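With chain A's structure known, arrange chain B on it following the hints.
The lines below spell out each chain.
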Amino acid sequence: MNTDLVIKVGGAAGQGLQTIGVVLAKTFKKSGFNVFTTQFYLSRVRGGHNTYQVRISNEPIRAMTEKVDILIALDEASINEHLNEISDGVVIVDTDVIKIEQMNDSFFHVPMLKIAKDVCGNKIYSNSVAIGAALGLMCFNFEYLERVLTATFQKKGDEIIANNIKAARAGYDHAKNNFPSACKFAVKEPLGKDGRMLIAGNDAVALGALAAGVQFLAAYPMTPSTGVMTYISAKADDFNVVVEQAEDEIAALNMVLGASYAGVRTMTTTSGGGFCLMAEALGLAGITETPAVIFLSQRPGPATGLPTMTEQGDLQFVLTAAQGEFPRCILTPGTPDDCFYLTAKAFNIAEKFQIPVFVMSDQYLADSLFTCEKFDTSKIEIDRHLLSDDELKDKKEYNRYELTPTGISPRAIPGQAGFTVVVDSDEHNETGHLDQTIDNRILMNEKRMKKLKLLEKEMEAPKLYGYKKADITLIGWGSTYGPLLEVVDILTSEGHAVDHLHFTHVYPLPVDAIKDMLADAGKLVCVENNATGQFARLFECETGLRIDENILRSDGKPYTPEHIIRALEQKKVI
Amino acid sequence: MVSVEDFGEYETEWCPGCGNFMILKAIKRALAELGKEPHEVLLTSGIGQSSKLPHYLKCNVFNGLHGRSLPPAIGAKVANHELTVLAVTGDGDCYGEGGNHFVHNIRRNPDITLIVHDNQIYGLTKGQASPTSELGMKTKIQNHGVFNTPLNPLSLAISLDCSFVSRGFAGDVDHLTELIKKAIQHKGFSLVDVLQPCVSFNKLNTFKWYSERVYRMEEKDHSPKDRVKAFEKSLEWGEKIPLGVFYVNEKPTFEDHLDVLSSGPLVKNKADPEKVDELLDSFI
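Chain order of the listed sequences is A and B. Number 1593 marks the last residue of the first sequence (our numbering); no jumps. Number 285 marks the last residue of the second sequence (our numbering); no jumps.
Keep in mind that the hints were calculated from the coordinates and are not lab data. Treat the hints with care, since some could be wrong.
Heads up, simulated BS3-like pairs for lysine-lysine below, C-alpha to C-alpha not over 25 Å straight-line [to be verified]:
no. : chain 1 : residue 1 : chain 2 : residue 2
1   : B       : K276      : A       : K1398
2   : B       : K59       : B       : K241
3   : A       : K1393     : B       : K276
Bear in mind the structure is a predicted one, so any value in this text is a computation, not a measurement.
Next comes chain A alone, as it looks inside the complex (with noise of 0.2 Å):
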């Protein structure tokens, strides 16, 4: 029997929706589950209404779905806003905290205060009752969740991990001997095969940068791109990095690019409004040609628009910010192994080509948890193109700008005895000094452009996944992988030929394996989390391929893979 089962934790900021979302996530994946979590939150510290979901199933799972079999309400928001959710469920709720109006048989009272008093003698522990209660309308096997409440309190020390063990047990005991039809949510566990990862987006970056040997970063922290500049600062010590809260995003990139420009490898963090103020910096790397890797986790915008929230709005301004024309790459990892291996991937891309490199990322992509298997950091190679003082020894004279039949001129760093590095925000010539001359513009713009044709050779095609010869190609990027794939999985099973293609290389396209892979295509759809079809705009200018339909999401929420089967059902492409 295949297990499909999602629980939605519902409360107000500041009840610890997360502590009991990541239990239940960590205690499902140490049973065998495969686990997605997805989290919606509100800009604010207390109050408000929040979600924390869990999906498990013995099959790989990437997105979230909108079902929701378990319910536990710690606020009444929780159930106005989610009871509809709930077919077949049981919402979870403490009535003598929150009062129904009309009791019915989807509502189960679980205690959650008296019992965390009457066990540990402090309501506290509440939360733990909550979880244990869940698992034990799932009859699931208490020992994994004694293990994970150990290892989450590890640090609080004993008494504590024993009152919240203690809580969980009562949860659980209170829940398999008083719940009517017990045991309705059984579920079987899978032979256990851990040692596999449950993770977020935005840990992954932060270890791919950390594996590519990132030296410096510098910041300015933005939701929903904090928690890579967050990770990379706690470990910053072991790892010999520098991190740097700059004074604004202004001085962040500018930072980097001094950084990097004096030899090490560099990044900075940032979601769109903070890159808006990073624009001006990046047409300066772009003609200084220093090499940086620029992580930009997408929030709907425009200005501070919703900041907790998701979309993929940025893709038509990050192709084009700051003024004049240079080479950039764009790489949108649509999973936590992407966002490991594409992170760690643009480090090297930007120091061969000496361009900054974008690594895009999202709300959801950022902070929804995964299950994947364990980073091969034997994959990851560091490769520094940078001049040795030997090889700099046989030089006359170093020009940081010679022309060279790729565009790619040999880099050393200042510091390297014997010679200088001139670098210059002006135009400049072979030098690096100021040059106005017609003639040098000419030489030094085709230089800086041709690498961008080079670059194209290096960009992966989009990944293929489904149906060999397909009536619907469904198009995507970054992270509408996960739901895309479900829907494909979802439509093959009900006899449609449909198979999507997923990009993670999005600038500058491979356009010429794309028009091999799309030779006989049928119809083509782009599916995006923005309002006008940015990707699907860049893909028709640079491979004259049309889009048959776009299906466009731009409510600040992901996509399900039911929502955007509904789409292609109202658009009639199924």
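Same frame as chain A, now just chain B:
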């Protein structure tokens, strides 16, 4: 031995008689007298006539964006703290466009020297008011005269407890050279605000105007260790304008706080991707 000649001679784009020539001369002399080789020195700059200076001597150069001479300087210093890093900028570039970086790098206290060509006017854009322009100064934009209170960079720096605060005059190259030497030798963020006549656009604060007012502070008259006295001194402007070191506060630099630099420059480190394996286990 390093000589002034090692820093070369370049053709410039400055107006004849510009104070910038004197500042360039003082920087070259200071570097040579301190025995700094061109490849050991990095000059960063922003945009403006002052910010062209790094192109006119042999050294490593990062000529960046308007107002942004400081952030790349800090980045480069962190990457390789063995470099001698000078940020060269002007009153518009540093106190206007880049004001935020001025404030926060005083707080950050990296071991770099900030040289501000302060001519109280915008030169490159041909004569508009700068943050340090005198009240009442008329320009083609400020038709009714400047009415924004002039920014006092020295007072501002002292109020932020800047590590080294000084003022020089482009017309006194010997004194300016000594000042720049002290600033480079000082461990921490060093400000050298240089009064500099703009012969083309500032008809008010001319060479003559400055020469009649400036005087060298002697050590017996002013102790740079006293912050309140330094602040008081920084307010002196008008009939008499003091030159010299106003304030010195020895304190740990930004780099001193970075333990990872204690074993050598960041740029010399090598990374090992497999070291990340130990972190991956915490996600299992």
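To see whether the hints hold, each was checked on the structure:
1. Proximity of B:K276 to A:K1398 is assessed by CA-CA distance (about 13 Å); at most 25 Å being required, the pair is judged to hold.
2. Among the hinted pairs, B:K59 with B:K241 is inconsistent with the structure: their alpha-carbon atoms are about 37 Å apart, more than 25 Å.
3. Simply put, A:K1393 and B:K276 have alpha-carbon atoms about 14 Å apart, close enough for the 25 Å limit, and the pair holds.
Comparing the model with each earlier hint shows a violation of hint 2 alone; every other hint is respected.
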